[in-house]
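*Asks:* Spelled out from the first residue to the last, the chains are:
There are 2 protein chains.
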Amino acid sequence: MASPHSSSTTQALNTTNPANAIDSLQLRSALGRYATGVTVITTLDSHGQAQGLTVNSFSALSLDPALVVWSLRLESKLLEVFDQSQLYTVNVLSDQQQAVSQAFASSKGLKFAAATHQITEQGQVLIEGAITQFECQALSYQTAGDHRLYIAKVLKVTEMPGMPLVFYKGQYTQLNPS
Amino acid sequence: MASPHSSSTTQALNTTNPANAIDSLQLRSALGRYATGVTVITTLDSHGQAQGLTVNSFSALSLDPALVVWSLRLESKLLEVFDQSQLYTVNVLSDQQQAVSQAFASSKGLKFAAATHQITEQGQVLIEGAITQFECQALSYQTAGDHRLYIAKVLKVTEMPGMPLVFYKGQYTQLNPS
Numbered sequence: 001m002a003s004p005h006s007s008s009t010t011q012a013l014n015t016t017n018p019a020n021a022i023d024s025l026q027l028r029s030a031l032g033r034y035a036t037g038v039t040v041i042t043t044l045d046s047h048g049q050a051q052g053l054t055v056n057s058f059s060a061l062s063l064d065p066a067l068v069v070w071s072l073r074l075e076s077k078l079l080e081v082f083d084q085s086q087l088y089t090v091n092v093l094s095d096q097q098q099a100v101s102q103a104f105a106s107s108k109g110l111k112f113a114a115a116t117h118q119i120t121e122q123g124q125v126l127i128e129g130a131i132t133q134f135e136c137q138a139l140s141y142q143t144a145g146d147h148r149l150y151i152a153k154v155l156k157v158t159e160m161p162g163m164p165l166v167f168y169k170g171q172y173t174q175l176n177p178s
Numbered sequence: 001m002a003s004p005h006s007s008s009t010t011q012a013l014n015t016t017n018p019a020n021a022i023d024s025l026q027l028r029s030a031l032g033r034y035a036t037g038v039t040v041i042t043t044l045d046s047h048g049q050a051q052g053l054t055v056n057s058f059s060a061l062s063l064d065p066a067l068v069v070w071s072l073r074l075e076s077k078l079l080e081v082f083d084q085s086q087l088y089t090v091n092v093l094s095d096q097q098q099a100v101s102q103a104f105a106s107s108k109g110l111k112f113a114a115a116t117h118q119i120t121e122q123g124q125v126l127i128e129g130a131i132t133q134f135e136c137q138a139l140s141y142q143t144a145g146d147h148r149l150y151i152a153k154v155l156k157v158t159e160m161p162g163m164p165l166v167f168y169k170g171q172y173t174q175l176n177p178s
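Protein chains in written order, with my numbering: chain D, 1 to 178; chain C, 1 to 178.
Note: identical chains are not told apart, hence a pair may lie in one copy or across any two.
Subject to a maximum C-alpha distance of 25 Å in a straight line, what follows is the list of computed DMTMM-like cross-link-like pairs (lysine to aspartate or glutamate): (1) 108 x 95; (2) 156 x 23; (3) 153 x 45; (4) 169 x 146.
Simulated from the structure, these hints should not be mistaken for lab results.
Let the sequences and hints guide you as you build the complete structure.
*Replies:* As structure tokens, this is what we get:
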């Protein structure tokens with residue numbers, strides 16, 4: 001990603017307030033250098049409608065108890081849905097699911113048209129073709145800057161064959177097959 | 001990680017609430033299907049000694065303000081160091097630094113013998129060869145299960161050329177060069 005005004009930013013950092021002057025483009029670019037898997041996190045809203053969105057801020061948090069963490073922009077249309085959700089599933093996408101990731105990353109269009117899904121008896125929404133599904137119970141959330149940080153307890157995991165979709169430098173990529 | 005009373009816990013969970021009976025090995029395996037970059041997080045301890053360890057639970061958290069999040073086992077020898085640390089650096093490792101990752105993941109041996117580092121005027125510990133360095137100011141920490149979750153403000157980012165080291169299924173790997 002191009003950072004058109006990085007040189008002036010560096011100058012500003014030196015002269016004004018180094019602690020607060022970090023440039024947003026520069027930050028995004030740097031954060032993109034940490035490679036991640038890609039997940040679609042799904043839930044049923046209060047009307048029983050399946051909802052979901054693409055998330056690459058997922059992380060393991062604790063083994064005993066089994067906890068995971070992820071975050072969502074405060075501006076997201078699904079913020080209220082996930083604030084109220086008791087159960088949600090983290091679907092880890094395979095390298096065959098770039099279109100699924102793109103559909104669920106968009107705020108418009110029929111996200112669920114991009115992937116077959118099933119809803120379990122418990123009300124978990126499973127995306128077909130995912131390489132791993134973490135069926136979770138919401139535990140807590142907190143605001144941190146411009147995001148909400150969610151912590152969930154993992155109730156059930158399912159692994160399927162396949163290689164992961166990977167996000168790096170703002171692009172989709174794959175692991176070296178070797 | 002040894003968990004001396006996991007079997008009795010699992011038994012108790014099995015007879016009462018099947019939803020809580022998730023197996024630790026199964027969980028680890030499933031979590032391993034979410035690909036991540038690899039970081040070494042470094043700081044100066046209260047004696048001015050450079051300390052660091054390998055972390056792959058790093059994640060972007062907020063753009064404005066610039067926040068990141070990561071977690072550390074409560075059993076880690078460096079827990080107290082990071083609880084007290086005001087400044088630390090997240091060094092994102094390159095695909096040439098597998099040995100660095102292994103050295104800093106071990107609790108024995110001279111970790112810093114594996115990588116050249118420099119200490120900035122502010123007291124940040126920078127690992128040479130990293131593809132990105134996030135110089136951070138500690139903001140908060142909280143206990144979540146068997147881990148501590150740390151949130152930090154990013155003060156400065158530096159990007160260098162190179163491709164990332166990637167961790168997947170408990171193994172080091174790389175991105176597809178294409």
